[in-house]
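Peer 1: Sequence:
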Amino acid sequence: MGSSWLDVLDVWGERVLRGRFAQQFAALFYKNVLVAWRSRRTTAIRLLAPFLFLLLALVVALALNANNALQERFVATPNAAPEAIASIPSCHEDLHIGFSKPCIDFVYSPNNDTTVNRIVQAIMATNEPPIPADKVLGFTSRRAAEEHLGAHPDGALGALHFSRSGERALSYIVQANTTVKYFKGSFQDPTLFFAMPMVNAAARELTRHHLAANPNSKAGAASGAGAAGLVWAPRLAKFPHPSLQSSSLLGQVLSSFIFASLMFGFVTQMSNLVSEKQAGLRLALRNMGMLDSAYWASWMAFDAVITLLTALLLVLFGMALQFGYFIKNDFGLLLMLFWLFGLAMTSYSYVLSVMVKKSQAAVYLGFAVFIVGWVFQTVIFVARLPYRADTYYSETNVWGRVFFWVFALFPWNPLTKGILDFNEATLAATDPGLRWHQQYSYCTYRPNPADQPEYDPREEFRSYDCVFPLWQAYLTLTLQWAGYWALAAYLNNVLPNEVGTRRPWWYLLSRSYWRPRPADRVAALRRVVQEEAAGTAMPPPCSAPVDDDVAAEQDRMRALLAQRIGDEASALPGGGSSHHSTSSSSAAAPPAYAAELYGLRKVFKAPSVTFAAAGASLNACVRCQGPEGRRAVPLRDFWAVAGSWLGIPEGQLFCLLGPNGAGKTTTINCLTGVLPFSGGDALIYGTSISGEGGLDAVRPLMGVCPQFDVLWGELTGREHLAIAGHIKGLRFSTVRREAEELLGRVKLGHAAAVRSGSYSGGMKRRLSVALALLGDPKIVYLDEPTTGMDPISRRYVWDIIQAAKPGRAIVLTTHSMEEADILGDRIGIMARGRLQALGSSIRLKQRFGSGYQLTVHIAMPRNMSYSSLAAAEQQSVAARMARVKAFFRSGLGVEPLDEGRSLLQYLVTREAEGALVGFLQQLEAQAGQLGVCDVQCSLASLEEVFLTIAKRAELEAAAQAGNSLVPVEAPDGGRELLVPLGEEEVMHPSGDGRSYRVKWAQDDAGRLVVLDVTLAQQQQQQQQQQQVLRPQAQQQQRQRLIHSNSLDSAPVGDT
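Each residue of the sequence shown is one higher than the one before, starting from 1 at the first, in full-length UniProt numbering.
Just so you know, these hints were derived from the structure itself, not from any lab.
Errors might be hidden in some of the hints.
As the list claims (entries may be wrong) - Okay, derived cross-link-like pairs now, DSSO-like style, lysine-lysine, Cα gap no bigger than 30 Å in a straight line: (1) K805 x K747; (2) K358 x K605; (3) K605 x K357; (4) K181 x K101; (5) K747 x K778; (6) K181 x K135; (7) K238 x K181; (8) K999 x K951; (9) K999 x K885; (10) K135 x K101; (11) K605 x K951; (12) K778 x K805.
Unchecked claim - Simulated restraints on C-beta separations: (13) K747 x Q926: 45 to 55 Å; (14) G686 x E911: 37 to 47 Å; (15) K747 x I822: 14 to 24 Å; (16) V935 x E911: 18 to 28 Å.
Predicted, not measured: the structure shown is a model, and the values here were computed from it.
The beta-carbon is built from N, C-alpha and C at its ideal position, and this holds for glycine as well.
Build out the structure end to end from the sequences listed, making use of the hints.
Peer 2: Laid out in structure tokens, this is it:
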């Protein structure tokens, strides 16, 4: 049932998803969905972030409402009831003083006036409760009282100052702090707490004083009993007012939480993009033939769906939490604002992702953008800039519109303006909010009241002091979405990519970009000839002679180049001919080469000297000539590939060896289009890859296994192959079949449905090999394919590679000499960017090996170990070894390279190869007489050949650069030794006859380094000690080897 369903889906895909872009878009979109689904925790957090942030906003809103309920200005007062005025409180009742601080209730002035003192005493006596005398302090003047208050903050509730204007007129001023005091959720209104009681008491006692001094006045007669009968009971009623509606606080809090919920996806998306780039996944897809347009379109489609879901959930969660903001405003208006903001921020994340190389840096940058956006929001809410109408339409302030357009560049500003408008439309309980049809009309600028039409605020919201309505915010966000998306695609091409390559800034004006076509082969090859003739983009000449086999290959390729362009005179610069070429080579038909390299070159330019580095560069020039003739080499261009002439026939596996930095991976990167080459050209099945059109044409023919595994940890092996198959343009009906077949061939059938993140290192390498072989490519590049594999898995992969050779060419790089020896039909060894040797494994061993290695085993009596023999028997074995040594000395003139108690090792140089056959025949004939039980003969190993060639290249490069002296410390102290590179014996510079033995080694990059320096006499003593005292473990190992190869009829006695 499942298979039939997939078959129907394949048929539908072939009918609907026609064309390269459509198929790749569908595969990449499917990949994004799978990765998001497998990362369910991250995806769920991204989608549920609106609910979490709105829940926090609800908590903050409830706290603000509870806080505001304690303040009268936020409480509606339609009908205020009159209230009695309280007595003057104790200073200890003040929220900021309490009972822990010393204080007084009030101060007064002047205290040298009898009437004033009498009135103050009456205020103190008639207060409820009476004020103690030590709680009131008098001063002679107001200035003195204020100085006391300034010196004792929170030392008194206030002051009462009297003044006279004539003998009988007495007036007063109450001085108090009018700041509202808060403490642990409590509010204290200073007017009601102290100012009104003080005014009430002062007015009461001043009136009584006046009545007492004027009993016959009209006021005294009205009171009936004068001052004693005065009834004083004023009441205070608050003025009716609605609750204060403020959008600045709640609106800013809600805006920040909405912005944070939408920005969470922004940070996640940018991190995902940078992670793909950092891991090399985008580069690997491009090597498969992926279109950049399909890549960006698939991400945008996926993010559009995610941002739509986020915006939808944000609105629904807001309505579920009963925010009036979400309930009253139109659903479509809110959804459109949040979705367009998400799309604009998605494009903005694409722009930033192009500029960032590390995923961790992307996360930090995302949070920095959130902080910047929050600061902009604060400016908009607090100062209403740049959306204040009086600033925007000001004829004198030109900066108003400048800031307006600057703010319009960033998506969070239109979002904030929209949130602010939605918030103002729902401030009061009776506000109706904004409707869909009002997005154009609610926001206008009409400063003249006569021009403002009347409307019912309970039915609709309008603002006549407004700029930038919602429809302009929508338009701005849409333009930002498209603009930043286009900018990201442009910067992705003009900024350095993962490997440092980029297009020119004017690439959009190039016709080859819009209509890529393979370069004309003849024209491209003619440029190779012209480059060589002109000497442009050529590496420094190499003084060392070129190897004969490499030179012969160059001549063949030059002859083929001449035949390709129809000009045999151009086969070599100047129309000459090499002594390796034959007269018939150019006339013969071109061989069936899968890859043809014509002087392929790649140079990495030295970095330009900046102002910051100018001083360092000048200092380096001053130090170029050092002591003892040593020179520091200045920074210069690095030739990774210095002119490779090579043909790789179809059906052949070409193995490329070399130390790190030799140019192997760079060569593959040039052939696969990852790096543009600096000169020369290459043909893949007759198509030049010097341009985008050629690379686009040959990528379906290529399969690439990169040096490091480039896999999505969330995808299974089967899904990797399916997606790669659709990127390569395979038919829907064949992708699943080939995927299953390849998984079986690389022994991953049992793990086909397991995520690659759970694979071992060897399993990942096998999956990478399967990806390279997907689609039956005609040429396969395998860059160290068996790295990290166990021996069994390595053998599996070797069998797969061997079986894949017919009908295609395979280019293999490796550090395993065994792998190269087994798989390589032809082996090339690179060093210093040049091809140093070329040929089959046998050919290389014959030409560059030190010769033949002979291992002779002496027969043991009774097949026993040497240590178990009696003294006489041991002497017999020693006598046999002496006869064998004499036989080799007389026959070949060689001494043992190494020897044990029953084993001898000889090295027969190539000069003595002619006599080796006859000598071995004599040795076989006299084996019984000599006491020889086994003889092993082998060529030099491929590893020895590799080290020899790498060492030779290093010496040649050092000699050419003038860096042939290496400073080392003498082992016996004294002066520093300057040892010529590769020299194994050097004399002391003092001329006293002391000589030193130098032991060299090679690092990972093939460079020669000094391993050890010893005195010649000391080394001789060490060799003598090694001859006398050999480790017991080594002896036992050799004895086991003798027993395993001994002859049953070996002679025992002496002759």
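Peer 1: None of the hints should be skipped; say for each whether it holds.
Peer 2: Consistency of the hints with the structure:
no. : hint                    : in the structure
1   : K805 x K747             : holds, 19 Å
2   : K358 x K605             : holds, 24 Å
3   : K605 x K357             : holds, 21 Å
4   : K181 x K101             : holds, 17 Å
5   : K747 x K778             : holds, 23 Å
6   : K181 x K135             : holds, 22 Å
7   : K238 x K181             : holds, 20 Å
8   : K999 x K951             : holds, 13 Å
9   : K999 x K885             : holds, 28 Å
10  : K135 x K101             : holds, 13 Å
11  : K605 x K951             : holds, 26 Å
12  : K778 x K805             : holds, 10 Å
13  : K747 x Q926: 45 to 55 Å : holds, 51 Å
14  : G686 x E911: 37 to 47 Å : holds, 45 Å
15  : K747 x I822: 14 to 24 Å : holds, 19 Å
16  : V935 x E911: 18 to 28 Å : holds, 21 Å
Checked against the numbered hints above, the structure breaks none of them.
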